Amino acid sequence: MPKLRPFRALRPTSEAAPRVVALPYDVMNRQEAAVQGKDPNSYLHITRAEIDLPLSVDQHADQVHEQAAANLADFIDRGVLVREDRPCLYLYRETWRGAAQVGIVGCAQVADYQDGTIKRHEKTLAIKEADRIKHFDRVNAHTEPVFLTYRANQEIDEITARVTQEEPLLKGETLDGTCHELWPLSDEDTDLAARALEALDYFYIADGHHRSASAAKVGLSRPQRPDAPWNEFLVVAVPDHDLRCLPYNRLVLDWGDTNPAQFLSDLAQVATITELGGFAPPENPGSFSMYLGGKWYACSFHPEVTTGKELPDSLAVSLLQENVLAPLLGINDPRTSERIEFVGGIRGDGELKVAVDASAACAFYMYPTQIDQVLEVADAGKIMPPKSTWFEPKLGSGLFAHPLWD
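By our numbering, the letter at position 43 of the sequence shown is numbered 43, and the numbering carries on one by one without gaps.
Just so you know, the hints here were simulated from the structure itself, not pulled from any lab data.
None of these values were measured; they are calculated from a predicted model.
Once the Cα atoms are required to be at most 30 Å apart in a straight line, the calculated DSS-like pairs of lysine-lysine come out as:
no. : residue 1 : residue 2
1   : Lys309    : Lys382
2   : Lys171    : Lys394
3   : Lys123    : Lys217
Take the sequences, apply the hints, and build the full model.
What follows is the structure, given as structure tokens:
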């Protein structure tokens, strides 16, 4: 029975919200962050504070997190961000390309994360955890939420349908065209929603494995008392029927110890390769599209490669890793290899083509992981390959934060 607690959010005023709301910190590079954060009220001054420092300062340096803390204090001093006057849960709706995704904003429990009531499906990297730990500690707040999902609940759906008929308290749009809206729930609806969620068996991390792991470690490193705000971390819980998962594509930067001709010969031993006149997406998990040498290819693994595979080994990203990336291209650990990059499906096939035409070796356009597969893998206590899922829309940044002060 997972618990989602109401909290007193740190949020923008209604007037400031359109200027504050931003894309999440990890979907852009430093140059893109600087361009998108030109507005002095952009939340990127808190989540990507290196944009206020010289380029000589590494984006993971302690100085960046000190700057983020100073910027947060400045936003509060100027009245851009205000503290909610009562604890509550919120409804948060994102509308992207004509479809809506609605989640409940609240605080999940570190204890639930530790005991597996909040289920995971990915491993984390210590270096990435360390950066988020420093950020949360220095800023003394959870500045962005963890993206959770759950098996849909009728009571929550009914609350959502009713409340979202009203005018939102906050509204803004990010540069990707996503409209973000926030409704604070009444005390009565907060209680109803919290009880409905406690009737669930589990929450599942959709996105934010490093944020949740880091938030848990920050909480456990601080003095332990039952009512401490660091016993909780900021989340948005979205029902599974609202989620959309796009492909998470692979870009191989160099050929390593092989070459294009040898690679194609080796690939033909495990897959059927058909040259295409242009891009076409893969049709099932046992297939993928490949761009190499100025041409698109449709590739389908031979039946003996896919037959008898169970989750997570039957995922498209698993089949590619185990049969192509590792044995044919020498990319044995994609979590640490510097020879591979991951390109979210939102960027489409065009970005893969541009990268390969410029200098990269080849690109793989993947069949997307399905939501029910994510839940099944997590329920089994298994782990997916890194970068298996790309959810859209991404949770926005800046409409709510969880202060770690009383």
